Amino acid sequence: MQKSLSRYFPVFVLPTLLAFAMFFIVPFFLGIGLSFTKFTTVTRATWVGFDNYIKAFTTDNEFIHALGFTSLFTIVSIITVNVFSFFLALLCTREMKGVTFFRSIFFMPNLIGGIVLGYIWNLMINGVLSNWGVDISYATKYGFWGLVFLTNWQLIGYMMVIYIAGLQSIPSDLIEAAQIDGAGPIRTLFKIKIPMVMPSITICMFLTLTNTFKMFDQNLALTAGAPNRTTEMLALNIYNTFYGRIGWQGVGQAKAFVFFIIVAIIAFVQLKLTNTKEVES
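Our numbering puts the first residue of the sequence shown at 187, with every later residue one more than the last.
To be clear, the hints were calculated from the coordinates, so they are not data collected in a lab.
Mixed in with the good hints, there may be bad ones.
[Said to hold, decoys possible] Straight-line alpha carbon distances no greater than 27 Å define the calculated DSSO-like cross-link-like pairs of lysine-lysine that follow:
#1 Lys377 <-> Lys458
#2 Lys224 <-> Lys400
#3 Lys224 <-> Lys241
#4 Lys241 <-> Lys400
#5 Lys458 <-> Lys400
Note that the structure is predicted; figures quoted are calculated from it, not measured.
Put together the whole structure using the sequences plus the hints.
Right, dumping it as structure tokens:
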């Protein structure tokens, strides 16, 4: 059996590796090279060194604002999404009628595309705000909390499924032993359930972090950066720089590489911290 698998392994893996190299690895390193140039096309590039990176952080103040806005949005979203999804997972692991139906309903928003979701929430939020004669583009706070509500509505059900899997993997004997020893629901939650589902918490925090920090289509459809690009997140700022400003393609590419480094560092630190908790538990 092993010899048979070894024989056909390259046949199945090689096409995937070639596609991955052609459409991810090669463009990624080509993009790094272009971030040090001023270009209009890939073949018409002039070396400018670190000028694009300097311009991104000094000339373009909107990039710094987008970084701060995205960071704040990500922190709020990580907390709210994971708290609410874990709470729903606790409810949906209790013995009650219709629990499977509720799990499906909570998961369904994750199946809707980001652009469609953004436009739907734009209509709903503007419908509510119209009672006060304003819309979502009236103030930055409306766009910020609109993005938070949209993200929670979309991601909570998906994270809930992961937490349910973690909660159901806890041995029932462990819960029963804690109850016999006199542990109440709160103590059981913090001393047994949460430590035991730390692998699920690691996964959910990582997915929430990457999804929110890299958010583009929902941001474009819901606010498009309005008012005055104050609700513009990093991915949208990079897109607008690359495609919306003539001669700034190199700066947009430099921003994209900085964006990649930031996401990679934050994700690595988060995984290290939560993995440490898993070992301790």
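request  = Mind checking the alpha carbons of Lys241 and Lys400 for me, to see if they're no more than 27 Å apart?
outcome  = holds, 22 Å
request  = Please work out if Lys224 and Lys400 have their alpha carbons no farther apart than 27 Å.
outcome  = Holds, at roughly 25 Å.
ask   = Does the alpha-carbon distance linking Lys224 and Lys241 stay inside the 27 Å limit?
value = Holds, because 12 Å separates the two Cα atoms, which is no more than 27 Å.
task = Would you mind confirming whether the straight-line C-alpha gap from Lys377 to Lys458 stays at or under 27 Å?
result = Roughly 22 Å between the alpha carbons, so the hint for Lys377 and Lys458 holds.
message = Run the distance test for Lys458 versus Lys400: straight-line Cα separation, threshold 27 Å.
response = holds, 20 Å
Violated hints are absent here; each numbered hint is respected by the structure.
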